[in-house]
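Number of protein chains: 2
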Amino acid sequence: MDADEFRRSGGEMVDFIADYLQNIRQRRPLPAVSPGYLKKLISEEAPSDGESWESVKDDIEKVIMPGVSSAHTFREPLLASSPACTELEMIALDWLGKMLRLPQDFLFSGERQGGSIILGGASEAILISLISARKAAINKLRCLDPQLTNGQALDKLVAYTSDQTHCCMEKSCLIGLVSLTILPSDTTGALSWETLEAAICRDLARGLVPVFFCATIGTTSTCAFDNLAELGPVCNKYGVWMHVDAAYAGSACICPEFRYLLDGVEHCTSISVSPHKWLLVNYDCTALWTLSHPQHWQVNMGRRFRSLKLWFVLRMYGVKGLQERIRQDVHLAKQFAQMVKADSRFELIGDVTLGLVCFRLKHCNCVNEELHEKLKSDRRIHLIPSSFKGKFFLRFVICPASTQLQDVSFAWSVINEITDGITRHCATRRAKPPGSCACITIRHS
Amino acid sequence: MDADEFRRSGGEMVDFIADYLQNIRQRRPLPAVSPGYLKKLISEEAPSDGESWESVKDDIEKVIMPGVSSAHTFREPLLASSPACTELEMIALDWLGKMLRLPQDFLFSGERQGGSIILGGASEAILISLISARKAAINKLRCLDPQLTNGQALDKLVAYTSDQTHCCMEKSCLIGLVSLTILPSDTTGALSWETLEAAICRDLARGLVPVFFCATIGTTSTCAFDNLAELGPVCNKYGVWMHVDAAYAGSACICPEFRYLLDGVEHCTSISVSPHKWLLVNYDCTALWTLSHPQHWQVNMGRRFRSLKLWFVLRMYGVKGLQERIRQDVHLAKQFAQMVKADSRFELIGDVTLGLVCFRLKHCNCVNEELHEKLKSDRRIHLIPSSFKGKFFLRFVICPASTQLQDVSFAWSVINEITDGITRHCATRRAKPPGSCACITIRHS
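Keeping their order, the protein sequence lines are chains A and B. Its first residue numbered 1, the first sequence is counted upward by one per residue in full-length UniProt numbering. Its first residue numbered 1, the second sequence is counted upward by one per residue in full-length UniProt numbering.
Be careful, since some hints might not be right.
Just so you know, same-sequence chains aren't split out, so a pair can sit in one copy or run between any two.
Said to hold, decoys possible - List of simulated lysine-lysine pairs, DSS-like, C-alpha gap at most 25 Å: (1) K171 / K135; (2) K376 / K62; (3) K362 / K374; (4) K389 / K362; (5) K156 / K135; (6) K98 / K320; (7) K389 / K62; (8) K40 / K62; (9) K156 / K140.
Think of the hints as simulated: they come from the structure by calculation, not from any bench.
Construct the entire structure; sequences and hints are all you get.
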């Protein structure tokens, strides 16, 4: 959708809302539909090709509005007063789950207890999963020993994750009061199953109860991928709830060529993907699928009608359209990586699998830090740096929706221009005796 | 704002967004403003009279956009990349805090550590407060006895609330794993300070640590009000964190004549009010003020730019405009209560202080349940029932923004029509011998 189409369709939605409010007395306060009404009106899978805005808009009145209450418009958690809100979310998330080829058991349309919800972020998804795992574990411990208090049971529980997992895992453990063991990742930034199993066995030997493990598909720092097919069986062996945080990289798995990243997801108990990160859906929209309905699906009671925007995007782009956008972004990232590789002053950190390129000057950390500081004060481009195994580097990420080759080339020209200034400056500095340059002590490369 | 104004201004905002996206390459990825830039551009208090949409719109480009990054538009939690988002929230919540005449210590502009945040609902506000109180209590216990584990400390903690508190308090305690004691409310639905103090003393005598109390200003069932001025000193005496859930009724406290409901708030540690309930702000928008910055301000890391809608509403209605809307809604509720009182078949449950009227047929519960069922299947109006001290009743609430006397009269006419059918039916039933009517066993009135 280009800017002019956006103007037209946005204007139509404004009119739709104004009409709705102006004529609200003609609507009934409670919808007359029966539970499950929406399933009969919507196809079971996302369209392969994108549809026109007109056909989506028509369905708002035909398909959605009959299941919306006038009294609680767009903010009602109850199935009774806003079945459209609940049912569209179930359908849209089943669509997305199928696009990601998640096992049937994660879907509402599956045979088991699986299901999903749209949350505000990966943090809430991990918290909800952790709380569910904690509850099951405490119940089990107290069933075996009815004298055990909540606190005594809690003291036995351990959760695991790697040092490359997003800090929201730590935050969830602080809120859930579950001890967290942070395990060292391997040279690629992934956690090996041997490391996980060794930690679990060590804790079991100490009388502790391993309860939760959070794997990451696409780490924040370097976009590394934990191997679910190897880690999953370890979790299953010891009865550990395995959650997969695929907030960013999960979206790419709608492309068959990237789906291997989720191989092994059938061993997991829950997985979260944030379409607001890379699937053209506006913030916020994080999908959590789980094999068993949690006691609490979310922190708050009320719910916004977030499935509408997901449904709009899935229909207007279609599966092929979204795959094409992902591939285009990955292609741009690879083009940027080529530019970096072709310049002998720079090196890449890790592989470029998706839209993130990690790179640095073949130099000490402090020169790279200087490059970052200068880019920051220059203000023409914005790069967020990171460190991995002691190496400070810059991260270039293709932001979805609007990035083009001209933007990538522009960014590279700015980096070059700033680098030229730095290397000149650094040459002067390196002329000094080694001991006088603080940077030498933190060199790792 | 009427429907035509909404069409015009909504269309302008669509154009604004389209222009923004179309010309995004002309913007810098990071804003050039310094921290605190916004305070200098915005007045310290909400306007008394409403302003035009034009003046608000002008300020979006002049005041907001200089503090917005193009790279992370409207979804960036970082002060660095979107200072407008962070700073506008601080300013708008200080405005609202001043409108509610909260003690200075709750405000960013105060001298102490107070501050506030917009969250998604009262549940999250209570959870954040509870987790903060829990953390402080566990730290203190483990400081006194370094051998104590987290679980052992946790087992000592107790939270309190009344049987009229929203169930989200129970949910917060389940997530936070803190024991909750639910105390009986008095005949008005409020919790007496004597009941709270007796419970605290009983637990202290058992070696437990009272840590958190959630008071309610405007309970869900009957809109009852806990007396903060009496309960607060009890909490202070025993070092208990007192949170005030004023989700619905808090909004009314912008009117001087209702501000007494918050008398005693100076004894509390945190308070939450949901402008999405009664201050014309779209869902979701819950304000949490607290005296001390919590370790975690919210569950998720990312944040939407929710302060914009709060700021728009405060400016376009002004304090007087919003007070007028509250008064109008309360007046409508009192008009409905008059209709109920004038009909000898009905009785009111409790007083009508704000926008909720609780009423029932002067009859057994099952006849009232029948009235509710019939209204539900009739579908012309939507009332949510409740029970208090064994009495089942109906709840008529004035929904903000669009309810008029004609709607109230229409609702009353529907209730009358349905009641006529019921009382006839019931007359038949009451002719039967007492024992044959199941309803008699659950009669309370």
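Status of each hint after checking the structure:
1. K171 / K135: both (18 Å within a copy, 13 Å between copies)
2. K376 / K62: Cα proximity of K376 and K62: across copies only (24 Å, versus 50 Å in one copy).
3. K362 / K374: Within one copy only: 17 Å inside, 77 Å across.
4. K389 / K362: This pair counts as within: shortest intra-copy Cα distance 15 Å, inter-copy 75 Å.
5. K156 / K135: Answer is both: 13 Å inside a copy and 19 Å across each meet the 25 Å cutoff.
6. K98 / K320: within (14 Å within a copy, 52 Å between copies)
7. K389 / K62: Neither, since 56 Å and 44 Å both go past 25 Å.
8. K40 / K62: within (12 Å within a copy, 49 Å between copies)
9. K156 / K140: The answer is both: 12 Å in one copy and 22 Å across copies each meet 25 Å.
Comparing the model with each numbered hint stated earlier shows that hint 7 is the single one that does not hold.
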